[in-house]
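These are the residues of each chain, in order.
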Amino acid sequence: MLKIFKMAVRNTHRYARRSLLIVSLIAVGVVFVQVYMAATNSYKNLIISQITDSMLGHIQVHKKGYLVSVENVPLNMNLTAEQTARAEAILKANPMVESYSTRIKLGGMISNFAETTNIRLAAIDPEEEFKTVPLLPSRVLEGTSSLKPGEALVPELLAKGMKLKTGDTVVLVATNKDGSVNGKQFTVGGIIETAPGPGGRDGYILLADAMELLRMDPPEVSEIAVRLKDFGKLEPAFNALMKAFMQEKTKDGKPVFEIHTWEKLSPFSAIAKMINMMTLMVKIMLVAIVLIGIMNVMIMSVYERTREIGTIAAIGTQPNTILAMFMAEGLCLGAAGVIAGNILSVAVIYGVRLMHVTFAFGMREGFVLTPAVNPVDFSIISAIVLAVAVFGSLQPAWKASRLEPVKALKSI
Amino acid sequence: MSIISGKDLRKHYIAGETRVEALKGLNFTLEAGDFAAFVGPSGSGKTTLLSLIGCLDKPTGGLLEVCGIDVGKLDRKAGARFRGEHIGFVFQDFNLIPVLTVYENIEYPLMIVNPLPEDERKKRIMALLEEVGMTDQSHKYPDQLSGGQKQRAAVARALVTRPKLVLADEPTANLDHKTAYMILELMKKMRAETGTTFIFSTHDQKIIGEAERIFTLEDGELAGTSRTGGNANA
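Heads up: the protein sequence lines correspond to chains A and B, in order.
Note that this note's numbering gives residue 265 to position 265 of the first sequence, counting from 1, and the numbers run on in steps of one.
The number in this note's numbering is simply the position in the second sequence, starting from 1, with 1000 added.
Extracted from the complex, chain B is given alone in its bound form (with noise of 0.2 Å):
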């Protein structure tokens, strides 16, 4: 079943005088469950392209469906809207909010984003740090833990709201291996647990090597698909 959908999907910016054709009109769809990436040099337009699906931009041109909403009809509170429901973020800099602890972090958006009683929220927190590794550091501040541990915390706090989709813009480019494998490893256990769709922006072989689908873009059109076998069902 298609999870995301894009026709003719088109992306420009105004930068001074210039238009910057961002996206140049691609097509392409993902189906629920895949683990997927869209690869290709700086400026390709993979950043641009997570942003549109996950509702942060709109796009100029064509359609996008996400989880069958035509997300380019989305007003500012009913993106937000969506975005609570059904997406999940994973960003290069982890972006967690500095004055929560990394439970209060993984809590935020079934607080204040899909408010959940405390005590079904509790659960939900307390088996989500225990996949990530991270019960025993729930009490501590962004500011005390590791590059891997911010992005642990960040993976969980993506996952919380149980979306049916998951983000991640370059997740383990401010990782070293060890710590950007083991938050693969993480990804691809949460996927086959919960199902989730999980989709990157990377130039990263690692994920790249993962990944079962692999959408390459140039210069912001769709250079070439691939299916791999990946190791994402391993």
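One chain only, chain A, in its complex shape (with noise of 0.2 Å):
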């Protein structure tokens, strides 16, 4: 095998500027798609971050039939204190989960004494909120993340239309389930940059204003958000969450706990597979340069060295020796624009980083774009040029393999 693969090595050197050819289109095929993938996986992951640590939550975890209603915040969808000591207590044993924060969303009006506006809140526990989205307290712009009894972070866009500064006074006023309206006064104790996504334009007050406001007892919880120690495991993570609190039925069976990842909560999630498909077509394109790039060369090796297939062919070579000796070449090509083009993508990837290249998302500027060398992508883009490498000179392989050797000594 290694006389093979020592003779095909040799014959993509007797036509060298045809195989440099080949070898640079696959290169730059392979940079393509590795700088590619690079870079949407960077935007990706920085954007998904920037919605599961400052909003979402890797998981939500809600009444059966909250999500369905959720644009609504409806407070007769919430958790009781018992289904939500269930909850945490399926959280705290599953040991791939880091924390999780209770909230309770709710709806209503916000007043500067001069003019009203909708509002919608989460009341959370600040230390357990920071812990389960730890990149909320750096969307405070003015004034502190440390809520205190009786303030509220009032989301940006409102603060701006209502003209709020930290310290002034407002009011927020929430009908509670019972349909009773309740008031209370409250201190501005920051602005709170608008996120885009669910949950981004949302205020904060504390769990205790907020059953104080809806005159809430026993208290109540609309949502349980999951941070997981490990992000990458969120499939194997939900799958053993969901397993838990599917157990957990009412009286007449059916399910009490619903439990989503972000991306069921998200609508990043329809972009981030939009760019999951757009990379599929890129992929596309690269095995199309490959496979016919491969098929092209191997069809003209073929065509050229007829009289040479029946050469080895007359002194005793098997046919599946000769589709061997073929195929090698056609993976040798391959390997050598698999290798090249690696080798510029790392260069190309760890350019991109040194030049700091920003974009935006949403209202905020000044995301760095910082792809990284990812070692499954660049194994998975090699194995598939090699495999679509030897798959594109098995035909040509195949015609010399059954080449009969009279007819192939009279070749000119």
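Honestly, I wouldn't trust all of these hints.
Stated by the list, open to error - Computed footprint of chain B on chain A, listed as stretches where at least three residues anywhere in the stretch have a Cβ under 8 Å from a Cβ of chain B:
#, stretch
1, 7-15
2, 398-409
To be verified - Computed beta-carbon distance windows for the label pairs:
#, chain 1, residue 1, chain 2, residue 2, range
3, B, K1140, A, L2, 31 to 39 Å
4, B, V1020, A, L2, 43 to 51 Å
5, A, H13, B, E1118, 22 to 30 Å
6, B, D1119, A, E235, 51 to 59 Å
7, A, R18, B, H1139, 40 to 48 Å
8, A, E304, B, T1135, 26 to 34 Å
What the hints assert, rightly or not - If you only want the chain A side, here are some residues facing chain B, beta carbon under 10 Å, derived:
#, residue
9, K3
10, I4
11, R307
12, T311
13, A313
14, G316
15, T321
16, M325
For the record, the hints were derived by calculation from the structure and aren't laboratory data.
All C-beta atoms in this analysis are idealised placements derived from N, C-alpha and C, irrespective of residue type, glycine included.
Both chains come to you apart, so use the hints to assemble them.
Written as structure tokens, this is what we have:
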């Protein structure tokens, strides 16, 4: 087999210009795909981490049916204290869970005594919340993220519209689930940056303040945001939690909870899916480049070396060996393209990092694109190219192995 | 002992709508160790006959036994195996593999076709290189050799598997007189040393003069056979 590869390498050198051309073509294709994947992965991961680490958490647990009505922030779909305790027990028992934060979500009105407008609020325990969505404090533009009783974090756009600043007094008015309207005076503790996605325009108050505002007794919870120790293990963690939560049934045998990953909760998951689709298309283009390129070169090679094939067949080379010889040649071309392409890709990826390319997401600017060399992506792309190179050389190699020696020897 | 036997051997081709009778029922035998030539004008069927004996093609009628095997019944794989084990080829255009050195060209059948351990392979190749006077050229590629050197390398390649039979299709056609004689001398020497049967297709008078047995073909038929003293045993 070593001899076959030695011959294959020499044959690629024999048609140096042609080999160089196809190797360059494959290398450029590999660079394009690797850099594209590294850049889009960087973009995607940055945005996902923004969404999950500053608002959503990795997973959320609600009472069954809550998500369908999530836009109305229904207070009658809250988890009771007992249900919350059961949910917390499940989360504490799962070793993949880093932290969780219980929230009351409510809709209401905010008034600065001159004008009044709608507001959506998330009532939180700051300690739990900042452990679960650690980027939330970084979204506080003015004031402090450490909420004190009677303080509210007001969304940036709303604060601008109502000309609110830290220390101002506002009144929050909300209707509780019994239908009674209640109000409570708050101080603007901080202005929070608006972020794209669900919860990105919410204001924040303390859980205790929300319970007072809603006259809620005993306490209830609208949602539980969950942070995992390893985001890469989202799927197994979700499956394990799903299994545990689905065992919790009501008296009539229906599930008490519903559980969703961030993908179900954020419209960005559609963009992430679109990016994945585009990555797939780019990969298909690479496959086409390699397939057509290798096939073309190998067809030419078989055509030009018909007499040589006749000779090696005449001296007793088995058809399978001839097949292997030409497939090895295609594999060598593919391997050379992969090696060159991967080396160039690493250089380009580090070049892009050094260039500090920035982009905006929603209202926020200055996200730095930090593409990284991902060994798994590199291995997958390399394997695809090599497999396609072998596949592309299969037909010409098959043709070579099927040539009649007597006819091949007569070829000029 | 007969090494090749042809009985009513026929071969026809279909060229467009025309049926071409290349061989029209040949009957002949060749003995082991023969130094024989198939002679005749172009189109007489020499190369076709050599192709059939070499299992490069199949007869369309009659029987052809080579080394006791009915070669007409061999499939593609079996034919390749048979060629690798029993037959060496020397071509008019040398047909060395351009990406392999002289040493590697001779080594090829022992590496790819009939694998031998490296030390035995090397011993056999070095002995043959010595025999054909190519030891100094062993590291060169075919495009660095003269026509005579190429053909000597080709002869060494044909003999390296120790075949029972060497088929040479116009082996001197592309060589000058002096080189052609040198190649013939080499083949005669190898025949004398190994007992290998050499069969040529040729219209080169030098080969005809050296052959022990001459089969004259005309228009696909055996027009005559003669057994000459030749100089083959000289």
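ask   = Taking 43 to 51 Å as the hint, is the beta-carbon distance of V1020 of chain B and L2 of chain A inside that range?
value = 45 Å, holds
ask   = H13 of chain A and E1118 of chain B, beta-carbon distance inside 22 to 30 Å?
value = 25 Å, holds
ask   = Is it true that E304 of chain A and T1135 of chain B lie within 26 to 34 Å of each other by Cβ?
value = For T1135 of chain B against E304 of chain A, whose Cβ atoms are near 32 Å apart, the range 26 to 34 Å holds.
ask   = Can T321 of chain A be said to touch chain B, with a Cβ gap under 10 Å?
value = Holds - the Cβ of T321 of chain A comes within 10 Å of chain B, reaching about 6 Å at its closest.
Given hint A313 of chain A near chain B, where the shortest CB pair must fall under 10 Å = 7 Å, holds
task = Mind checking the CB of G316 of chain A against every CB in chain B and telling me if the closest is under 10 Å?
result = 2 Å, holds
request  = Mind checking the CB of T311 of chain A against every CB in chain B and telling me if the closest is under 10 Å?
outcome  = 4 Å, holds
Pairwise beta carbon distance, D1119 of chain B to E235 of chain A, judged against the given window 51 to 59 Å = 57 Å, holds
query = Is 31 to 39 Å right for how far apart the beta carbons of K1140 of chain B and L2 of chain A are?
reply = 22 Å, violated
inquiry  = Cut-off 8 Å, C-beta pairs, minimum 3 residues; does the coverage of the stretch 398-409 of chain A by chain B stand?
reply    = holds (count 4)
request  = Grab the minimum C-beta distance from I4 of chain A to chain B and call the hint holds if it beats 10 Å, violated otherwise.
outcome  = For I4 of chain A, the interface hint holds, since the closest Cβ of chain B sits about 8 Å away, which is under 10 Å.
inquiry  = Quick check on the hint: M325 of chain A CB to chain B CB, less than 10 Å?
reply    = Cβ of M325 of chain A sits 9 Å from chain B, so the hint holds.
Hints 3 and 7 from the list above are not met by this structure, while the remaining hints are.
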